[in-house]
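K.L.:
All chains should be built: construct the whole structure from the sequences, respecting the hints.
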Amino acid sequence: MTAEQIIFFLTAALILISALMVVTTRNLVHAALWLIAVLFGAAVLFATLDASFLAVVQIVVYIGAIAILFIFAVMLTRRNLLDKVSQTNAGWPWAAGISVAAFAGLVFLVGQMHNAGAQKGEVSGDPLMALSTALVSPDAYVLAFEVASIMLLAALVGAVYIANRK
Amino acid sequence: MEFLTDPIKVVYDWLLELFLGWGWADWVAVLVIYLLGIVLFISAVMVLDILLVWVERKVVARFQDRLGPNRVGPFGLFQPFPDIIKLILKEDITPEGADRVVFNLAPILSLGSVLFLWAVVPLASRIYGVDLNVALLYIVAAGAIGTLSIIMAGWASNNKYALLGAYRMVANMISYEIPMVVALLIPTVLVGSMSFVAITEAQANYWFVLVSPLGALIFLVAAIAELGRSPFDLNEGESEIVSGYHIEYSGMKFGLFYAGELLHAFTFGGFIAALFFGGWHGPWAEQYPLLGAFYFVVKAMLGYWVIMWVKYTVPRIRIDHMLAFNWKFLTPLAFILLMVTAVTHRVLLDAPTWLYISGMFLSNVLLAWITVEGLRMQARRKREADVSAEPAAAD
Amino acid sequence: MENPWIYLGLFLVVGTIIPIAAIVMAAILAPRKPNPIKLSTYECGMETVGDSWVQFKAQYYVFALAFLIFDVETVFLFPWALSLNMMPLFVAVEGIIFILILLAGLYYIWQKGMLDWV
Amino acid sequence: MVPLSWYIFLSAALFSIGLYGVLARKNVIAILLGVELMLNAANINLVAFWRYGNTALMGGQVFSIIVFAVAAAEVAVGLALVIAIYRTRKTVIADELDLMKW
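Taken in order, these protein sequences are the chains called P, S, A and D.
The first sequence begins at 1 in the numbering used here and counts up by one.
The second sequence begins at 1 in the numbering used here and counts up by one.
The third sequence begins at 1 in the numbering used here and counts up by one.
The fourth sequence begins at 1 in the numbering used here and counts up by one.
Treat the hints loosely; a few may be bogus.
[As the list claims (entries may be wrong)] Incomplete in silico selection of chain P near chain A, CB under 10 Å: (1) Ala3; (2) Leu76; (3) Leu131; (4) Ala148; (5) Ile150; (6) Leu153; (7) Ala155; (8) Ala163.
[As the list claims (entries may be wrong)] In silico PhoX-like links for lysine-lysine, alpha-carbon gap of 20 Å or less: (9) S/Lys86 <-> A/Lys33; (10) S/Lys58 <-> S/Lys311; (11) A/Lys112 <-> S/Lys328; (12) D/Lys90 <-> D/Lys26; (13) A/Lys112 <-> S/Lys382; (14) A/Lys33 <-> S/Lys90; (15) S/Lys328 <-> S/Lys382; (16) D/Lys90 <-> A/Lys57.
These are calculated hints, taken from the structure and not from any lab test.
Note that CB positions come from ideal geometry on N, CA and C, so glycine has one too.
P.N.:
Structure representation (structure tokens):
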């Protein structure tokens with residue numbers, strides 16, 4: 001076992017255990033905190049994959065904003081959140097079955113992949129600068145960049161309007 | 001004399017040779033050296049933190065025309081040590097109904113989030129923890145962990161005051177994070193890099209405060225708000241919500257929050273120094289890194305002094321004023337400044353240095369002047385509206 | 001230092017262990033004599049009424065929403081700022097359009113009075 | 001060394017757990033938490049494919065940045081809807097939101 005494999009297994013265990021806690025724990029604030037553990041694990045994975053920008057953005061956007069928003073929303077709607085009663089609906093065995101089937105199907109598909117056993121190559125150049133030029137250069141992804149701002153505008157106006165209505 | 005010009009490398013080589021001589025594997029030796037360095041670095045930061053307790057108490061005493069600690073040691077310099085012994089020996093109370101795990105995790109994350117920041121701060125030329133190419137976003141990420149620790153503390157305490165204090169503090173921190181990040185974008189635009197080391201090195205000839213004085217000012221205001229210090233300390237309005245999110249904490253856990261707050265203030269002093277006031281740059285700092293580290297600490301202390309000065313001078317503001325000031329003034333201003341800076345910088349990129357600096361400076365001054373004029377015009381219009389509304393109200 | 005993240009990971013681990021060590025040391029050395037009054041919630045001597053995990057003002061939520069959107073926006077602006085020096089002036093204009101679109105959103109919710117604390 | 005398939009297995013497992021959360025949970029906010037897990041699984045996949053493919057092509061990373069933006073917009077609007085529904089109906093249980101079910 002190399003150090004890289006040990007790090008991968010520890011992170012994978014953290015992610016999967018925390019994800020299971022997210023979907024099973026009854027206290028929703030705890031569920032949000034477990035989600036933060038999942039997100040942190042994903043950030044570690046991004047760092048091992050040499051995507052340093054995405055690793056920090058994962059923490060800034062997901063943990064710093066989205067998770068906080070979830071905790072706020074849970075606290076806002078807490079009144080009839082009885083932690084004692086079951087938090088799953090009547091069809092949960094079906095849900096579990098579908099999830100296991102989905103997992104089995106995905107594993108089968110991965111088995112069909114011709115490059116499943118591929119190893120990492122060398123990183124060519126500086127990924128951070130390559131990413132920043134790709135995102136804004138006119139012959140690459142500048143349209144996605146501008147459209148993202150329109151989408152954020154729509155989300156800002158819509159969300160604030162819906163949440164604020166008296 | 002090799003040691004004076006590049007101390008880290010000399011020590012590193014010496015230790016590596018020593019460990020390899022003991023028959024250790026290559027990677028084990030490197031890992032152990034890293035660990036030793038990190039432990040030493042964090043210990044030094046913690047010792048500095050202990051000293052800051054004394055500085056803060058002495059300075060607030062002087063501001064309030066008192067003497068401050070003066071019994072233990074010369075000028076009360078050893079006062080922090082009895083404080084620490086008291087904190088350690090104090091009974092630690094976890095209130096009934098608290099969420100135990102989260103309650104204990106919050107102070108750890110609170111101090112940890114501040115310690116993490118020091119990994120990327122360049123102390124001097126060739127003396128820094130790590131040259132991360134996304135260091136500025138890493139700082140914001142560590143701040144996000146700090147916000148999280150506050151909401152965890154407020155929620156886990158099972159106390160209404162704590163929860164209210166946490167809400168206020170989080171609303172404050174997340175609001176002012178936007179102008180702070182935009183102020184961080186300005187050095188990024190100027191240098192074309194997010195690495196802290198590169199940003200400091202780019203200030204060899206001129207400090208960025210000359211190029212973007214308004215950016216430095218916005219960063220200072222946003223940093224004070226991020227720290228939750230007066231005038232933005234409404235998380236601990238004593239008359240309303242007792243003491244904020246750490247009301248239920250006692251003993252060492254409270255000590256961790258307190259130490260984190262002081263160190264956070266000093267760290268932001270260091271950031272202001274490194275981003276806008278040249279960091280470790282000074283006479284002979286390039287050749288002798290230890291001298292550069294001394295300059296850096298002095299500049300950070302000055303930044304910390306300004307933050308303390310503001311804290312002990314201005315009164316606390318109301319929450320609606322705090323939010324309105326951010327969303328209706330500071331955030332739009334920061335974004336407009338970013339646009340002006342980007343365009344001016346791009347246009348003057350190939351111009352001679354004197355033209356570049358004066359152009360950038362003048363654009364900042366112009367923007368500040370327009371802002372002030374706009375505010376005055378708005379205030380005048382509001383005053384006139386009030387005057388014309390008054391007789392009607394009197395009838 | 002070939003990969004900065006190794007150093008950074010070690011730093012995060014040590015930076016978490018030191019506060020934990022402080023708490024553990026205090027837990028070993030500190031006395032422990034709990035009693036019901038001491039453990040009760042501190043509300044300046046008043047009896048606590050009801051569960052403290054109460055609801056809070058929805059207004060905080062609106063600001064958290066605005067923060068989320070602008071946070072994501074700044075994430076997009078960092079790559080833009082990095083590439084500014086080596087791209088044509090046109091790229092600077094792209095970023096300005098990006099910022100102006102979102103400032104228009106901020107202006108809209110401001111004019112609708114949604115930023116007012118009530 | 002870690003082959004590509006490990007990352008894909010991990011993200012498949014994460015995706016399935018998120019799917020279970022979406023299907024089985026009663027609370028609307030918990031369902032959104034499940035959606036977040038699924039989006040993260042997709043992101044891990046995108047970055048892994050970028051790293052194991054041609055690293056000079058930045059499509060994978062750009063795509064996952066767009067996923068961040070989409071996730072943020074989804075959470076903002078989704079949670080705002082939850083708050084609005086809670087204000088009128090006083091419930092956040094998905095089964096009780098049956099006004100459209102006649």
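K.L.:
It remains to establish, for every hint, whether it holds in the given structure.
P.N.:
Verification of the hints:
no., hint, verdict
1, Ala3, "holds (9 Å)"
2, Leu76, "holds (6 Å)"
3, Leu131, "holds (6 Å)"
4, Ala148, "holds (6 Å)"
5, Ile150, "holds (6 Å)"
6, Leu153, "holds (4 Å)"
7, Ala155, "holds (6 Å)"
8, Ala163, "holds (6 Å)"
9, S/Lys86 <-> A/Lys33, "holds (17 Å)"
10, S/Lys58 <-> S/Lys311, "holds (14 Å)"
11, A/Lys112 <-> S/Lys328, "holds (13 Å)"
12, D/Lys90 <-> D/Lys26, "holds (15 Å)"
13, A/Lys112 <-> S/Lys382, "holds (19 Å)"
14, A/Lys33 <-> S/Lys90, "holds (11 Å)"
15, S/Lys328 <-> S/Lys382, "holds (16 Å)"
16, D/Lys90 <-> A/Lys57, "holds (16 Å)"
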